[in-house]
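Line by line, the protein sequences give chains A and B. If you're matching positions, the first sequence starts at 1 in the numbering used here and goes up one per residue. If you're matching positions, the second sequence starts at 1001 in the numbering used here and goes up one per residue.
Since the hints were made in silico from the structure, they are not lab data. A portion of the hints provided could be inaccurate.
[What the hints assert, rightly or not] To list a few chain B residues with every Cβ distance to chain A over 10 Å, as calculated: (1) Glu1056; (2) Ala1089; (3) Val1099; (4) Gly1146; (5) Lys1200; (6) Gly1214; (7) Ala1242.
[Claimed, not checked] List of simulated lysine to aspartate or glutamate pairs, EDC-like, C-alpha gap at most 20 Å: (8) Lys1094/B with Glu46/A; (9) Lys201/A with Glu1100/B; (10) Lys200/A with Glu1101/B; (11) Lys1094/B with Asp211/A.
[Claimed, not checked] Estimated spans, in silico, between C-beta atoms of each pair: (12) Lys1094/B with Ala214/A: 54 to 64 Å; (13) Asp40/A with Asn1198/B: 24 to 34 Å; (14) Tyr1005/B with Glu181/A: 28 to 38 Å; (15) Asn1198/B with Tyr210/A: 28 to 38 Å.
Using N, Cα and C, we set each Cβ at its ideal position, and we do this for glycine too.
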Amino acid sequence: MSSCLSGNEAVAYAIKQINPDVMGAFPITPSTEIPEYFADYVANGEVNTEFVTVESEHSSMSVCIAAQAAGARSVNATSSCGLALMYELLYVAASCRLPITLACVNRTLSGPININNDHSDSMGARDSGWIQIYAENNQEAYDNFLMAMPIGEHLSVRLPVMTCMDGFITSHAIENIELLETDTVRRFIGDYNPENYLLKKENPMAVGPYDVSAYYMEHKVQEAEAMKSAKARIVEVATEFEKISGRRYGLFEEYKMEDADLALVLIGSSAGTAKAAIDRLREKGVRAGLVKIRVFRPFPGEELARALANTKVAAVMDKSEGFSANGGPLFAETRSALYDLKERPYLINIVYGLGGRDLKTADIEKVFGRLADIALTGEIGPTYTHMGQRSKEEME
Amino acid sequence: MRTVYDLKREVEKPERLTGGHRLCAGCGAGVVVSGVLRALDKEDRAVVVNATSCLEVSTFMYPYTAYMDSYIHSAFENSAATCSGVEAAYNALKRRGKVEETFKFITFAGDGGTYDIGFQSLSGAMERGHDMVYVCYDNEAYMNTGIQRSSSTPLFSRTTTTPIGSVHKGKKQHKKDLTEILVAHNIPYVAQTAPLGNLKDLHTKSYKTIYTEGPCFLNVLSPCPRGWDYPMEQLTEIIKLAVDTCVWPLYEVEEGVWRLSHTPKKKLPVEDFLRPQGRFRHMFQKGNEWMIEEAQQYVDQKWERLLEHTGA
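Between the sequences and the hints, there should be enough to build the whole structure, so can you do that?
What follows is the structure, encoded as structure tokens:
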């Protein structure tokens, strides 16, 4: 079924089709429309969801944790400072092994306050134990949200899932997308039947202990193993999803990588811009390619190394600044993944697009120009740079 | 209540807070929590929600829980929101036919997690009208982290962040009146109580709080022998003094109607309450008489206002 929907509308519709038990709802630009659209479904009696209009994002995640622990499917949506406000609870949700689903509409973290897109919000949560899956466009935003519960709820995983999309760029732009029938969705996600939950009459359960050093480490190792297992489960779910949708998803997308000498690695909607630039470059005979990371947590290190192994030079483009002074988060993961290769491509890092600073196809072509120079001369220049900012001269 | 209160009969019910927990000897919180949970009808189940607190770390230390009912702790400032989440899940699952039994949702948090860091979460949950119970066990400071002041700490009280020095002597602000703030939320039932005597007031108010539909709040004085600095075996005496000096009046507000639960036979001077406690010791030093006078004035003012409200 084809429909013209914005990313937010598509996710709200996905939530409606899933018909979760509880939604913690609090607005923040640009995710606000998700609870807004969903509120209409609630007001018209189209869903069974308890729509809890809380007084902060910390409370919306608290509601989700409690509801999920109680045996109910819970969802949430937020951005930027809202995600940051939930920060301590993201760790609690993951360590309590609760498969909550959250739509993160990526917006930069303050300050200064800015409502536009970059990945600093979800990147800031990358150590929290949540599975993180990024969308390039509205179709992916819809599809990823539908796949989240079968991934998170599986016994080998039992972790919360964050599905991310670029704020305004994806959340607010309207695209033609394919929707699944609601029956198909319901069959695909099945029922949520946790083994133990607070409201289980056969035996009560206590959640959230004081865990002294004698026990804590084992619990964390279990959580780490679950994140490792998530990789296989994500691929399994994508295979099942392809059967019902005809759309194929992996841990990342390889675009014209079969014979690529020069490659980009990046996340999100910039992939669309990059693909257009790559098409133009290919016409000129440049062997350019792109790896678009879809799953950032768990990080597909082995697979990425294989995908980049035969390239000469790669640029990792980070749409967030981790202030490590050593490059952005995607760069750090990618470089680490390539470390064990006997033959590695040259690798550079470009931080771009902060606070919604635009990225154009011409910018991508410039990057490939630099990669071509590196391939020719073997001289990298500065490994870690920023792109798209005004020069010192321009600022004066 | 269907029958007249009988402590002997009530304690024959199976314990919902079992022994083996790590609360200090003489801790008021243990008495408060078992008192509140004892008001549940035998056949009803509860989900106990608990903020990070002395109570939480002492009653749920992996791999043991002291609770016979389901229990959840997630963070310090969000117990009310957490309780809302359990209640929301219950409503949704009941509608689906996945849960049939009666569950009551009872939150326990200290004054820290209620008056201060948990205030927003509490106000939000009460305002939304969830069918839940919130019990604050008020020991008048952040005890779990080692006795720091909270907005519930009384004026002049010694804590580690309001120590007695040569320039400043104890907490500078009056105790926040949280019970009145909750009354202003216009919820069906709010009450102030304490584990006094045979626990009748605590029990009857707990029963009302649990079995009145909608958001209900109980503020319970919960003395702490370490923080208040009095001999651990004197819990009941300290409570009696708090009530008889009118420092902690017992009252309830049901559907907006104020009712005084207890008038002391003889209203004792506030210094009777202050003297046994080390946290107020400096008030008895020569030159600090004005502190006791100010404390007495404050207690009297509040008592008069309460008498007006309750029409007593």
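The hints, checked one at a time:
1. Glu1056: violated (7 Å)
2. Ala1089: Alanine 1089/B is in fact no farther than 10 Å from some Cβ atom of chain A, at 4 Å.
3. Val1099: violated (5 Å)
4. Gly1146: holds (16 Å)
5. Lys1200: At about 29 Å from chain A, lysine 1200/B clears the 10 Å cut-off, so the statement holds.
6. Gly1214: holds (16 Å)
7. Ala1242: Label holds. Min Cβ-Cβ 30 Å, cutoff 10 Å.
8. Lys1094/B with Glu46/A: holds (17 Å)
9. Lys201/A with Glu1100/B: Satisfied, since the Cα-Cα distance of roughly 9 Å is no more than 20 Å.
10. Lys200/A with Glu1101/B: The given pair, whose Cα atoms are some 9 Å apart, holds under the 20 Å limit.
11. Lys1094/B with Asp211/A: violated (32 Å)
12. Lys1094/B with Ala214/A: 54 to 64 Å: For lysine 1094/B and alanine 214/A the Cβ distance comes to about 39 Å; the hint is violated.
13. Asp40/A with Asn1198/B: 24 to 34 Å: violated (55 Å)
14. Tyr1005/B with Glu181/A: 28 to 38 Å: violated (60 Å)
15. Asn1198/B with Tyr210/A: 28 to 38 Å: holds (33 Å)
When each numbered hint is compared with the structure, violations occur for hints 1, 2, 3, 11, 12, 13 and 14.
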